[in-house]
Structure formats: structure tokens, C-alpha cells
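**Student:** Sequence:
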Amino acid sequence: MSKPAVIKGVVGGVLLLAALVLIAKYAIGGSGYNPSAGAQEVKIVCSETGESWTMVRGRLMDALYSMPYPIDPEQGLSSPHANGRRVAFPEDRSLWREMVNRANSEIAAAANFKPGEQQP
Numbered sequence: 107m108s109k110p111a112v113i114k115g116v117v118g119g120v121l122l123l124a125a126l127v128l129i130a131k132y133a134i135g136g137s138g139y140n141p142s143a144g145a146q147e148v149k150i151v152c153s154e155t156g157e158s159w160t161m162v163r164g165r166l167m168d169a170l171y172s173m174p175y176p177i178d179p180e181q182g183l184s185s186p187h188a189n190g191r192r193v194a195f196p197e198d199r200s201l202w203r204e205m206v207n208r209a210n211s212e213i214a215a216a217a218n219f220k221p222g223e224q225q226p
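In this note's numbering, the protein residues as written are 107 to 226.
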């Protein structure tokens, strides 16, 4: 067997093994990513009026990522009950802080990304 054929076989085997590991990881749910999470309903409360409504988590993330960077966790979503002021938050404020921190981290990582560099 020629040397290039052996190298191709080894590379193919490694790629197949990596694919199987990733599939198993996602199937078991160990990745932390849950595709159905974007469809979950989140209760949003206007901090000025107390009015509440539900929002699909995916739309909440869209609204979050459209805010100017860095996102301030003390400013919420635009509230239709407070003339559009950013005073509406998920009922669970810790969820909001977690989402804002994650969004800020991801936006910063994307801004610092250089093609060809290995990411941590």
C-alpha cells in the first residue's frame, strides 16, 4: 500500500471517529445546546407597569443580539407598556443576566476572530 493511501485512510478514520463522538455528544445532550430551547416560552415583565406577556426564547435572543454592544444587563427589552423604553425583563432576572453575559462573550469572540486561528 502506498504512503498517500495510508495517510488518507488514517485521516478518514480520525474524521469518522470525531464525527461519531460529536453525534454521540449531541444525542446524549452533553453539549449544553438544546435545539428545542429556542421554542420555549419565556414570561416577560415590564418593570415599570408590571404588565407581562410571553415571548418565544428564540425571539428574545434575536432582540438581545440586536442591542448595541456591549449589552447592559440593567437595560431590558423594549416594553410596549412603557412607550418602548427598555424596561422589560424575563421574570427570572438571573436568566436575563446569563443571556446578556453569554451574548457579550460571543459578540466579543466573533469580533476578535481571525480566519485560520484555532479557537479555544
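What the hints contain is simulated information worked out from the structure, not anything from laboratory work. Do not take every clue at face value.
What the hints assert, rightly or not - Here are the in silico distance ranges between beta carbons for each label pair: (1) G164 - A214: 33 to 39 Å; (2) P176 - L123: 23 to 29 Å; (3) L122 - R203: 38 to 44 Å; (4) A216 - T160: 43 to 49 Å; (5) G115 - I213: 48 to 54 Å; (6) P221 - G156: 29 to 35 Å; (7) S184 - G119: 51 to 57 Å; (8) P176 - L201: 48 to 54 Å.
Heads up, the beta-carbon is just placed ideally off N, CA and C, and yes, glycines get one too.
**Student:** If a hint holds in the structure, say so; if it doesn't, say that too.
**Tutor:** Hint by hint, here is what the structure shows:
1. G164 - A214: 33 to 39 Å: This hint is violated: roughly 22 Å between Cβ atoms.
2. P176 - L123: 23 to 29 Å: Violated, since P176 and L123 (Cβ atoms, about 39 Å apart) do not stay within the stated range.
3. L122 - R203: 38 to 44 Å: Given range 38 to 44 Å: holds, Cβ gap about 41 Å.
4. A216 - T160: 43 to 49 Å: Violated, since A216 and T160 (Cβ atoms, about 29 Å apart) do not stay within the stated range.
5. G115 - I213: 48 to 54 Å: Given range 48 to 54 Å: violated, Cβ gap about 41 Å.
6. P221 - G156: 29 to 35 Å: violated (48 Å)
7. S184 - G119: 51 to 57 Å: Since S184 and G119 have Cβ atoms about 52 Å apart, the given range 51 to 57 Å holds.
8. P176 - L201: 48 to 54 Å: violated (19 Å)
Violated hints, listed in ascending order, are 1, 2, 4, 5, 6, 8; each of the other numbered hints is respected by the structure.
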